[in-house]
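Hey, can you work out the whole structure from these sequences and the hints?
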Amino acid sequence: MKRAVLAAAGVAALALLPCALGNEYYVNLSSQVLIAAIFAMSLNILVGYGGLVSLGHAAYLGVGAYATAWVALRFGLGPFASGAVALGVTTLMAAAYGVLALRASGLGFLMITLALGQILWGLAYRWVSVTGGDNGLSGLVRPRPFGIDLTDARPFYYFTLVVFVAAFALIALFVRSPFGASLQGARDQPRRMTALGFHVWMIRWIAFVVSGFWGAVAGVLYVYYNNFISPHALSLTQSAEVLLMVIAGGPATLLGPLVGAALVVLVKDVASAYVERWTLLLGVIFVAIVLFLPDGLVPGVRRLWVDRIARRAP
Amino acid sequence: MSVPALAVRQLCKSFGGLPATDNVSLEVAPGERRLVIGPNGAGKTTLFNLISGDLRADAGSVRLFGEEMVKLRPDQRAHRGLARTYQIITLFPRDSLVRNVMLSVLGLSPRRWHAWRPLPGSGELRDKALAALARVGLEPLAERAVSELSYGEKRRAEIAMALAQNPRVLLLDEPLAGLSVEERKVVQSLLEAIPRDMTIVMIEHDTDAALAFAERITVLHYGNVIVEGTRAEVVAHPRTREVYLGA
Amino acid sequence: MAFWITQSLNSLALGGLLFILSAGFSLIFGLMRIANLSHGAYFMLGAYVGLTLLRTGMNFWLAVLLAGVAIAIFGGLIERFVLRRLAGQTLSQVLATLGIAFVIADSCLWIWGGDPMPLSGPASLRGAVRVMGALFPLYRLAVIALALAAFVALWLLVEKTRMGAMIRAGVDDLDMARGVGIPVRSLFTAVFCLGAALAGMGGVIAGPILSVYPGLDADMLPLALVVVILGGVGSLVGAGVGSVVIGFIYTFGQALLPDLAYVILFLPMVLVLAARPRGLFGRIAA
Chain A
0 MKRAVLAAAG VAALALLPCA LGNEYYVNLS SQVLIAAIFA MSLNILVGYG GLVSLGHAAY
60 LGVGAYATAW VALRFGLGPF ASGAVALGVT TLMAAAYGVL ALRASGLGFL MITLALGQIL
120 WGLAYRWVSV TGGDNGLSGL VRPRPFGIDL TDARPFYYFT LVVFVAAFAL IALFVRSPFG
180 ASLQGARDQP RRMTALGFHV WMIRWIAFVV SGFWGAVAGV LYVYYNNFIS PHALSLTQSA
240 EVLLMVIAGG PATLLGPLVG AALVVLVKDV ASAYVERWTL LLGVIFVAIV LFLPDGLVPG
300 VRRLWVDRIA RRAP
Chain B
0 MSVPALAVRQ LCKSFGGLPA TDNVSLEVAP GERRLVIGPN GAGKTTLFNL ISGDLRADAG
60 SVRLFGEEMV KLRPDQRAHR GLARTYQIIT LFPRDSLVRN VMLSVLGLSP RRWHAWRPLP
120 GSGELRDKAL AALARVGLEP LAERAVSELS YGEKRRAEIA MALAQNPRVL LLDEPLAGLS
180 VEERKVVQSL LEAIPRDMTI VMIEHDTDAA LAFAERITVL HYGNVIVEGT RAEVVAHPRT
240 REVYLGA
Chain C
0 MAFWITQSLN SLALGGLLFI LSAGFSLIFG LMRIANLSHG AYFMLGAYVG LTLLRTGMNF
60 WLAVLLAGVA IAIFGGLIER FVLRRLAGQT LSQVLATLGI AFVIADSCLW IWGGDPMPLS
120 GPASLRGAVR VMGALFPLYR LAVIALALAA FVALWLLVEK TRMGAMIRAG VDDLDMARGV
180 GIPVRSLFTA VFCLGAALAG MGGVIAGPIL SVYPGLDADM LPLALVVVIL GGVGSLVGAG
240 VGSVVIGFIY TFGQALLPDL AYVILFLPMV LVLAARPRGL FGRIAA
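Respectively, the protein sequence lines represent chains A, B and C.
Note that numbering that gives the first Met the number 0 numbers the first sequence so that position 188 is 187, with each residue one more than the last.
Note that numbering that gives the first Met the number 0 numbers the second sequence so that position 137 is 136, with each residue one more than the last.
Note that numbering that gives the first Met the number 0 numbers the third sequence so that position 25 is 24, with each residue one more than the last.
Keep in mind the hints are simulated off the structure, nothing from the lab.
Covered by chain A, according to a simulated footprint, are these stretches of chain B (three or more residues, beta-carbon under 8 angstroms): (1) 78–90; (2) 93–106; (3) 111–124.
Now the stretches of chain C that chain A is said to cover, found in silico as 3 or more residues with beta-carbon under 8 angstroms: (4) 87–99; (5) 105–115; (6) 215–224; (7) 251–259; (8) 264–273.
As the structure is a computational prediction, the values presented were derived from the model and not from experiment.
We treat Cβ as the ideally placed atom computed from N, Cα and C, and that holds for glycine.
Structure (structure tokens):
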């Protein structure tokens, strides 16, 4: 019950945010944070709950975005239809990639996912006739759900917020379900789980596909936010950044990705106004977190909070 | 002549040229209590790993109540009624004891694929888990985190997890190892309380407790079965003495 | 005909560069089980340091050496103060190297700016030679020779010296090596410095061919990964063979099928990893 109240309060706070922020620039920034959070949540399914660290997750954001753009521009499909097609295509790709990547685990998995991501990045750069190469694809129109115009910052923010809340709720259900329990069990004790009757490979493969799906959702939002897509979205840097978000915020927590996304996006955008070298700052923060707060910010802060309360009690 | 609960025929496994399991054959009747003993390195745990499917056999057959298992994955074998405990505790330390056993019950339930609603804190799963814990006398500790349990309690929890699967054949890998005299008695009595619809195969050292429990004993040495028979036969056999005391 | 000869020589030259880059990566990965994701950054940093040294009018080869030393020291400090603190947690170590790669890359951008910069090779190696009827840059031939020399030197180190024996023991079975009294911590630092030095020197040597630019690290790291995965972790011969194979695939791929160059490059890596997690020659699974 308490959790439901907190969740409602959180959603309300996010809903009131644009009013508090006023300036359109910051509202747009908030949209960016939410899109990044969905992206990070999708990776967290694999990394935090599945124990499978991937360095190629940008593939799903990128293909989701490119597919949406290409279908919309080439076939003139409406924004929602293009998004739907993109989601389908990207999920299929995730299914195929999963079969390859799950041949290995640990560092081998990391390498395969990195390689698969690089292949797509290379394609995006070279297959100019389809992807526009370095110039990317532009000229997109934002969707009009129920006729509402999303061109301005605030309406688009609310649209993104709705998607974010839906994603958050569904992913929360997913990780708290029996399947989620089996995924986490497979992360911690794969051999034991097999002996108990769990099909560990299938569990991981399903998690991989679901993770790719939500990554694609982030990709569709991403391309509509920017009205533009370029190969950078598929780069190793992008995959590294989202991994950073997950690790920094706290893998295997529901709020961690949001916190991590906020951290990275804010450092990028806000800090860069004052500190020119934001990547450097990000890198330092990341190393510091890995060294001193290995569980990430959310569990780390939670622990500090619990310690403080424990110390106050007589 | 009824179908044996477990029939292993000419099972072979080598590691880099060294045979760990060398043409092992044995048959366990339904409801039997079989003890597998042998000096260290005899290949006992390897044999268990081959039967449970944790290791893939090079050759041979493993049949559970007549059904061929040797090509099946361990989880498939679990679904056909095989359960095992491990030598090294492989529980989930951060979770509560009851949640650990709930996972065990979940493993055989079609509900394990449900991804759209939360794992229920109460209900059928939990009841079955608590029942399994009661069988090993750990029900009062159900809500404790596994990491807080004593070694003896953890070992009993391992057995509870296997019992929760309601297996037809139960493989126990050194269930008494590292336990105090008191704890051994507890485990002994809970094993004796297991009804005869469950066949038990146990790896143990040749302690009195294990010997008392066993009806038939198989002695392994360098991956081979060297002696097999009733307790009395095996204990009296000259080769058994040879293997344990050195020729 | 000239086309094939030129491209083959280009392949060998690229292979040579890749070998110098990957040998260090392979050793670090093989011994310490760390996939050093900042390896590309060390390569780039070495190139920038070399560039600065060359601007002072220093001799090319001296610059190569000094850049190597500088990166070795830098790498040693990272190993000692960051990676060693995370001993035993390979994933955390890998993530830390990722963060460090970010730091190095941005620092280079800060110090040297965003424009690509050419790095001129030694005057003595300017110009071209006729090889079987084709005209080929002399410097690139020197790179091939240099890579061969590096291979021989490393091979001698690993096979014939005491340190090499310790490395081989560590790659085979780390706990056993510890048990026999091998000073594993110092060995780790030494190997990490060696790997970093190789990367740094590689950056300078590659300068005249690839030039120096922001993003060089992100371009080189995946190549090192492909080589090592293909050739097998912890194996020098594997790194050598892998480098040559990738050199050929990349060069001919670029020349004949530029649109698919990256696919051709990474697909073998994926296939090898999926089929044989040990790579072609490696001794431990990735």
